[in-house]
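As given, the protein sequences belong to chains Y and D, one line each in that order.
The opening residue of the first sequence carries number 1 in this note's numbering; numbering runs sequentially from there.
The opening residue of the second sequence carries number 1 in this note's numbering; numbering runs sequentially from there.
No lab work stands behind these hints, which were simulated from the structure alone.
Don't take every hint at face value.
Beta-carbon label-pair distances, calculated as ranges [claimed, not checked]:
1) G95(Y) to E69(D): 26 to 36 Å
2) H29(Y) to K55(D): 27 to 37 Å
3) K55(D) to N165(Y): 39 to 49 Å
4) H29(Y) to H67(D): 33 to 43 Å
5) R161(Y) to D118(D): 26 to 36 Å
6) D118(D) to N279(Y): 31 to 41 Å
7) Q182(D) to K81(Y): 53 to 63 Å
8) K54(D) to R98(Y): 19 to 29 Å
9) Q182(D) to V74(Y): 31 to 41 Å
Below, a list of computed lysine-lysine pairs in the DSS-like style, where the Cα atoms sit at most 30 Å apart [stated by the list, open to error]:
10) K373(Y) to K334(Y)
11) K165(D) to K230(D)
12) K50(Y) to K115(D)
13) K35(Y) to K50(Y)
14) K172(Y) to K107(D)
15) K107(D) to K63(D)
Just so it is clear, the structure is predicted and the values come from calculations on it, not from any experiment.
Cβ coordinates follow ideal geometry from the N, Cα and C atoms, glycine included.
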Amino acid sequence: MITLSETYVLSDPHGRDVVEKLAPERLLHVSEVEKTVRYFDTFDWRLYRKGLALIQTGSTVYLQRIVDGEYPLVHDQIEMKQNLEGRFWWMFPEGELRDTLRDALSIRALLLRAQVEQKVCGFGVLNTDEKTVVRLFLTHTSTENGHVATLALQSVRGYERDFENLRRRFMKLDIAHAAEDVFERVMNLAGCVPGDYSSKLNLGLNRDASGREATGEILQCLHDVMRQNEAGIRADWDTEFLHDFRVAIRRTRSALSQIKGVLPKDAVEHFKDEFRQLNRSTNRLRDLDVYLLEEETYRALLPQSLQPGLDAVFSRLKSERRRALNDMVQVLDKPEYLDMMNSWAAFLQGVQSRGGKGSAIPAIALARKFIYKRFKQVLKRGQAIGDDTPDEALHNLRIDCKKLRYLLEFFASLFPKDKMNKLIGYMKKLQDNLGDFNDLSVQQQELMAYLNEVLSRSRRTDRLLCAAAIGGLIARLHSQQQVVRHEFASAFATFSGKKNVRLYRDLFR
Amino acid sequence: MSIFALYSMKGGVGKTAAAVNLAYEAVQSGATALLCDLDPQGAAAFYFRIRAKKKFGRKRFLKGGKHLENNIRGTDFEGLDLLPSAMSFRNLDLGLDDRAKNKSYLKRLLTPMRKEYDYIFFDCPPNLTLLAEHVFRAADYVVVPCIPTTLSMLTHQKLVDFFKKNKLKRGKLVSFFSMVEQRKTMHKDTVAQVGEREGKFLNAQIPYTTDVERMGWARQPVACFRPRSKATQAYRELWVELQMLK
Numbered sequence: 001m002i003t004l005s006e007t008y009v010l011s012d013p014h015g016r017d018v019v020e021k022l023a024p025e026r027l028l029h030v031s032e033v034e035k036t037v038r039y040f041d042t043f044d045w046r047l048y049r050k051g052l053a054l055i056q057t058g059s060t061v062y063l064q065r066i067v068d069g070e071y072p073l074v075h076d077q078i079e080m081k082q083n084l085e086g087r088f089w090w091m092f093p094e095g096e097l098r099d100t101l102r103d104a105l106s107i108r109a110l111l112l113r114a115q116v117e118q119k120v121c122g123f124g125v126l127n128t129d130e131k132t133v134v135r136l137f138l139t140h141t142s143t144e145n146g147h148v149a150t151l152a153l154q155s156v157r158g159y160e161r162d163f164e165n166l167r168r169r170f171m172k173l174d175i176a177h178a179a180e181d182v183f184e185r186v187m188n189l190a191g192c193v194p195g196d197y198s199s200k201l202n203l204g205l206n207r208d209a210s211g212r213e214a215t216g217e218i219l220q221c222l223h224d225v226m227r228q229n230e231a232g233i234r235a236d237w238d239t240e241f242l243h244d245f246r247v248a249i250r251r252t253r254s255a256l257s258q259i260k261g262v263l264p265k266d267a268v269e270h271f272k273d274e275f276r277q278l279n280r281s282t283n284r285l286r287d288l289d290v291y292l293l294e295e296e297t298y299r300a301l302l303p304q305s306l307q308p309g310l311d312a313v314f315s316r317l318k319s320e321r322r323r324a325l326n327d328m329v330q331v332l333d334k335p336e337y338l339d340m341m342n343s344w345a346a347f348l349q350g351v352q353s354r355g356g357k358g359s360a361i362p363a364i365a366l367a368r369k370f371i372y373k374r375f376k377q378v379l380k381r382g383q384a385i386g387d388d389t390p391d392e393a394l395h396n397l398r399i400d401c402k403k404l405r406y407l408l409e410f411f412a413s414l415f416p417k418d419k420m421n422k423l424i425g426y427m428k429k430l431q432d433n434l435g436d437f438n439d440l441s442v443q444q445q446e447l448m449a450y451l452n453e454v455l456s457r458s459r460r461t462d463r464l465l466c467a468a469a470i471g472g473l474i475a476r477l478h479s480q481q482q483v484v485r486h487e488f489a490s491a492f493a494t495f496s497g498k499k500n501v502r503l504y505r506d507l508f509r
Numbered sequence: 001m002s003i004f005a006l007y008s009m010k011g012g013v014g015k016t017a018a019a020v021n022l023a024y025e026a027v028q029s030g031a032t033a034l035l036c037d038l039d040p041q042g043a044a045a046f047y048f049r050i051r052a053k054k055k056f057g058r059k060r061f062l063k064g065g066k067h068l069e070n071n072i073r074g075t076d077f078e079g080l081d082l083l084p085s086a087m088s089f090r091n092l093d094l095g096l097d098d099r100a101k102n103k104s105y106l107k108r109l110l111t112p113m114r115k116e117y118d119y120i121f122f123d124c125p126p127n128l129t130l131l132a133e134h135v136f137r138a139a140d141y142v143v144v145p146c147i148p149t150t151l152s153m154l155t156h157q158k159l160v161d162f163f164k165k166n167k168l169k170r171g172k173l174v175s176f177f178s179m180v181e182q183r184k185t186m187h188k189d190t191v192a193q194v195g196e197r198e199g200k201f202l203n204a205q206i207p208y209t210t211d212v213e214r215m216g217w218a219r220q221p222v223a224c225f226r227p228r229s230k231a232t233q234a235y236r237e238l239w240v241e242l243q244m245l246k
């Protein structure tokens, strides 16, 4: 149905008598509903970033599109009494809503992001026949932090002129402004800022910043990401808290070792060591997460006859994960961890006042130097790889590429965005290839180790079945790895191509 | 998507009242409905306090597309829209005769609306003309109110015969008793003998009550001003039965 609709935020947060002022003589109070409204999203706001909001009021669940002060439903609402916190897309009843959630959420869980109390009063503005020609909805949203009052004007089909007249009269009253950010206001009222977390490094470095300032900013941002993810790891809402935590550690270590001559050497060595140890304590849990996330993929690799063996493997992995999570949480709870993070934060605070010899050099000069050097190295090492080169060389190249990628990401905001995107695009194919190759070889090694363990220690009757399933998987993974290795040459060709080399030369030399 | 045509050869049997109240019931559970008033009397529009746009008439209706859609107006009830009629609808037959020989022109006119609404209701004028034939082809169900009198039942039989003769799907034809007065013997007997009649009769009966007549004064569906009236209950039951038709 074609209807016009506009929403305004009223200047008076209580917004009383606005409706009476607007249409004093012919007004019909139609409805009044009070409800508690809960907003759900992932920790990294995946729905919000797609312009969506998932809402639960009572047992009704629906997705709204957040556009220009209008909030149309994306699909029909569904009935769901259960709390949505901690749910994944696959825990929703089959249907369009679930499909949209699947695409948006992927493997992340929903969290309760905001809860507000809402009172919606519906009115009809009548014409001389006492026929409703415009609908008004006055909404009071409140939390303990305050109120927001909004008024929505909605046309009735065939009475668009009355809508237009009323809208004009409303604008003349000058008690409101058109609201494009009602959603954000409501969120703020509930004490949260939509989109306040992203695992990506969204830095806006100053082009005139010194190397010391820029490095401090990069490391501070990574420090914040680590701290933000602690609660999620403890609560075990989903696997991505730990993943983001680890990526932030890895980036920190990479920054410490790659951005040379900016920070005091002894401190760099000290913290590099601390973060290496911290990273090591996260490894086991992440490995298990990866296996369990890949469960469906593994299952698809094996025939029906070998599936019972896999069941046993996965149930063992699951109980092992419970132990690993326990260990991880203990690490986070230890005073050593807190002390380390506090001293790291204090160190970053003081970065401005201290410094190594290159700390006053402009950040952009440092960035050019480090990036170009690393690029040349990747190019050289990659070109040396042929079909007969040992696998080791590909592993090393993968690590070099990762270092280069991190450097690009650290300093991206100092260079033109479109060109940086192009560079990263050229790199992606190569990194994907090397990443796949590495994952496949790690998985084979792990399965091999697991196989030895199953055969030597387990006395369970199903150990032979397990062994058969694992053996089958290793064989499949090995042949996949061969294919990936074959594709290396073409993946590297894009990276070492003329266009890419010229881009690096222009930007960084 | 289903189309229900409220139709009867006789006038004053409660077609418009049924169309208005059924359309109202249809949107109560969140569905959307369009009520097309084909009767030049324009009673349906009156009940909903809607005036047709001045320039709207037979010609625009028959042109279809935007010309028709721009004249649909929202009622006071969310999800329920009305296409008002106009005096010139008395000549709809002439226009239809010019346009289509296969008697499905009306059906084609409604194609865009089928996507937009869950239900479409026709309030038809009381006669058996070319327009009626178009309605029979466009509708999924031709819903016929019958007053339980001998004369009414004769008329009903004629309609059944017409369907037979013109090879229309007789399954489309469903009837219900309207304006039933339990104290009248003839009404009671006619209702009791319904099993001997040709055609499908629904169980729900609309009683004769002043509440329905008062719609003209309240200008609302009965459920809005007499929520506990027997008539309200009867229309609700009738709608439940109509929804279950398949």
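Here is how each hint holds up against the structure:
no.	hint	verdict
1	G95(Y) to E69(D): 26 to 36 Å	30 Å, holds
2	H29(Y) to K55(D): 27 to 37 Å	34 Å, holds
3	K55(D) to N165(Y): 39 to 49 Å	20 Å, violated
4	H29(Y) to H67(D): 33 to 43 Å	37 Å, holds
5	R161(Y) to D118(D): 26 to 36 Å	28 Å, holds
6	D118(D) to N279(Y): 31 to 41 Å	58 Å, violated
7	Q182(D) to K81(Y): 53 to 63 Å	45 Å, violated
8	K54(D) to R98(Y): 19 to 29 Å	49 Å, violated
9	Q182(D) to V74(Y): 31 to 41 Å	51 Å, violated
10	K373(Y) to K334(Y)	40 Å, violated
11	K165(D) to K230(D)	38 Å, violated
12	K50(Y) to K115(D)	27 Å, holds
13	K35(Y) to K50(Y)	26 Å, holds
14	K172(Y) to K107(D)	46 Å, violated
15	K107(D) to K63(D)	13 Å, holds
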